[in-house]
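Same order as they appear, the protein sequences are chains A and B.
According to this note's numbering, the first sequence is numbered sequentially starting from 1.
According to this note's numbering, the second sequence is numbered sequentially starting from 535.
Mixed in with the good hints there might be a few duds.
[What the hints assert, rightly or not] Reference excerpt, derived from the structure (chain A facing chain B, CB under 10 Å, subset only):
| no. | residue |
| --- | --- |
| 1 | 10 |
| 2 | 20 |
| 3 | 25 |
| 4 | 232 |
| 5 | 233 |
| 6 | 406 |
| 7 | 496 |
Read the hints as simulated data drawn from the structure, not as lab findings.
In this text, a Cβ means the ideal position worked out from N, Cα and C, and glycines have one as well.
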Amino acid sequence: MRQLEPMHVVEEWLSQGPTVAPDGLLAAVSAEVRQSRQVAGRPLWEHRAFPPIAAVLALLAVLVAAQLIRPFVGDETPTPTESELLRDWPNQPDWFVNRDPLPFCGEALLHVRDGRPVAQNTDARRCLYDAYRSSGEAEYVEVVETTDGPYLTVVRVRAGSIEEYVDNTPRGSLAWHRSECRRMTSPIALAEELPIHGMTPELSDALVFIVDPTSCTDLDGPPVAGSIVGVTEMEEGDRLEAYAFDSVWVVNQDRGLLKRIDPDDGGLEAQIDIGRPAGDEPNVAVAADADVLWVTVGRRLLGVDPDDNAVVAERELHAAPHRLAVEDGLAWITAEDGVLAVQVESGVVVHRISLDGSAGLAIGLGAVWANSADGAGILLRIDPASGDVLRDYRIGADVHELVVGEGAVYGTGDRDLIVLTPSGGYGEGGTQPLVRLDPETGDLMRLTTDSGYAPPALGILDGGLWAVRPGGLMERLDPRTLVHLGAVAWSSLREHLLEVVTGAGSVWVMSFETDPAALDPDTVRLYRVEPTGQ
Amino acid sequence: MQDELVELVERARTGSDDAFNQLAATMIDRLYSVAFRILRSTALAEDATQQALVLAWRQLPRLRDPARFEAWVHRILVNVCRDHLRRHPDAETSIDLLEPLTDGRADAALTLSIRDELERAFAHLTPDHRAVVVLKHFLFWTTDEIAAALGIPPGTVGSRLHYAMESLRTALEAEERKASDVAIGVRS
Chain A
1 MRQLEPMHVV EEWLSQGPTV APDGLLAAVS AEVRQSRQVA GRPLWEHRAF
51 PPIAAVLALL AVLVAAQLIR PFVGDETPTP TESELLRDWP NQPDWFVNRD
101 PLPFCGEALL HVRDGRPVAQ NTDARRCLYD AYRSSGEAEY VEVVETTDGP
151 YLTVVRVRAG SIEEYVDNTP RGSLAWHRSE CRRMTSPIAL AEELPIHGMT
201 PELSDALVFI VDPTSCTDLD GPPVAGSIVG VTEMEEGDRL EAYAFDSVWV
251 VNQDRGLLKR IDPDDGGLEA QIDIGRPAGD EPNVAVAADA DVLWVTVGRR
301 LLGVDPDDNA VVAERELHAA PHRLAVEDGL AWITAEDGVL AVQVESGVVV
351 HRISLDGSAG LAIGLGAVWA NSADGAGILL RIDPASGDVL RDYRIGADVH
401 ELVVGEGAVY GTGDRDLIVL TPSGGYGEGG TQPLVRLDPE TGDLMRLTTD
451 SGYAPPALGI LDGGLWAVRP GGLMERLDPR TLVHLGAVAW SSLREHLLEV
501 VTGAGSVWVM SFETDPAALD PDTVRLYRVE PTGQ
Chain B
535 MQDELVELVE RARTGSDDAF NQLAATMIDR LYSVAFRILR STALAEDATQ
585 QALVLAWRQL PRLRDPARFE AWVHRILVNV CRDHLRRHPD AETSIDLLEP
635 LTDGRADAAL TLSIRDELER AFAHLTPDHR AVVVLKHFLF WTTDEIAAAL
685 GIPPGTVGSR LHYAMESLRT ALEAEERKAS DVAIGVRS
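Please work from the sequences and hints to get the whole structure.
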């Protein structure tokens, strides 16, 4: 039987289907274009600005009859919150219970399907947004049912600011949080201006407002987990790979370069030509042993001497690795069909462990850890000396990144993939962001981030597990309980944190920021974050 | 050709709907083809193509480099497709796809059952994963071109492509095993 070549088959499959737009589509586009005006570019935070005439009218309205533009629904006298959802809500702190009453826009109890709330209370959101636009005051209550339990958020519009109260108890922080932000826009505003990216009132995830975090003040809430002590502008395409030999190592695969960054000033110490992987070969991977930095580029394993930043060894591999980990003279690599251990001195394969679509790889706790990527969710614990599989764990979820430390193995899954139900089993349809596996007992823990996304990267430092999240946020978690201990907030919501390594007492984070409506080069930055006392 | 395109973009940016309509005419077949392959629905693809082009028209003054119009409009299209998939997560696959091949490729590797498996596996991919597969294996763009169009790092393109192809490969292998088990569909 002939083996099917997936790429060929997929290309043949994709070649089928229509290649010509239906009759009338171009005419429909032209007709709509004729009736549609172009919009000038404006920064995100200016969407709330009034057009001049509207601003004048609004000002007159304020001067003549301020109450007429107040947004509350029903009674014109501010009344206490009429929320049914809050009536029996447990553990409300005094400073929440005693908040001053504001006009009530309504509430919503949202159920989550595929990680996204369904059936938003659009009228209530519109009421809140109208209050914001008209410098009025209003309150809105939202509860989202999740597998972790209900999430409560109370959003209050004040003149010139937004207050947000969040009950973080289901997220494990055992705390309420209150913050105040002074700059924001709304999914409704974005939907009017730029109806893409899902920024519609109905499909705006859990976003009532999109705040600029630099304008926010935490009034009550968890402590700040760390502070950004250094930032370096990097080149588009740079990817953070490792901290080793007192340096940060960055790969630019597009240019075939390995970069060595000075941790003290972020300066470029050295730039080493490693070549580019060919075609669809996996990404370059980097790992260090005692005195050599090892790099896989396609089917080549390169050894870089950190003393003179020169390539001093090159081995041919039988497969192009996806991951690399090195210890005691063995380079462990993952390929399509399993895990291989290669002697770095000779290039000889000494161990071969079969594993379908192996994804994550890490060394620690006296073992090599590798997991499958075939949907079965198998995690192998491998004896590094013999290559024997000591134990296999059925974790039931694909994991893409593995980190070992603090007595456990941590893995991040793909978004919208699998959810761990409270009963301990996995089921489809939600998110499975983070798994902690106790290697002795095989016990699993999970954390569901409130953003509904898996943390793309993890690091362990200073007794903390550091997990980045979309929207420019990094959390410090208790590595044993996964309780949220604090966070580091970035200045831009659009700054995506991608990779994390730890070293020199710091967490190193690579980010990129892009404007979805522009094609300027992405802004790539390397951050150094120092933990604050916990 | 590229100069003509840039000139049309420049004119369209200043508000010439005639110029934009010419641009749309040159792009619409390709955009529709891409949208169909991401969304797997002719009706949704039609909607997405129209919405993407109208958005491109409205947002055109924001495009700073006219030479990058093609990548930019593809980025808008992919974003619109993502939005459509969120609105219509259960949209049915176009039945056109399930019709037997009639163009002389009957002996091709793509049996109906394989196409069915691919459709199912593809339906489980996220919009982002679908987009990189289509741009790579239908438009044959390079990783750098895809990264520029989608606004993501090339490494992310690579990892998304790897994950997506792994999923499709798994589906194909399952179909192969199934075919082998029932001793039909064997080709040499």
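Which hint numbers does the structure go against, in order from smallest to largest? Violated hints (numbers, rising): 4, 5, 6; every other hint is consistent with the structure.
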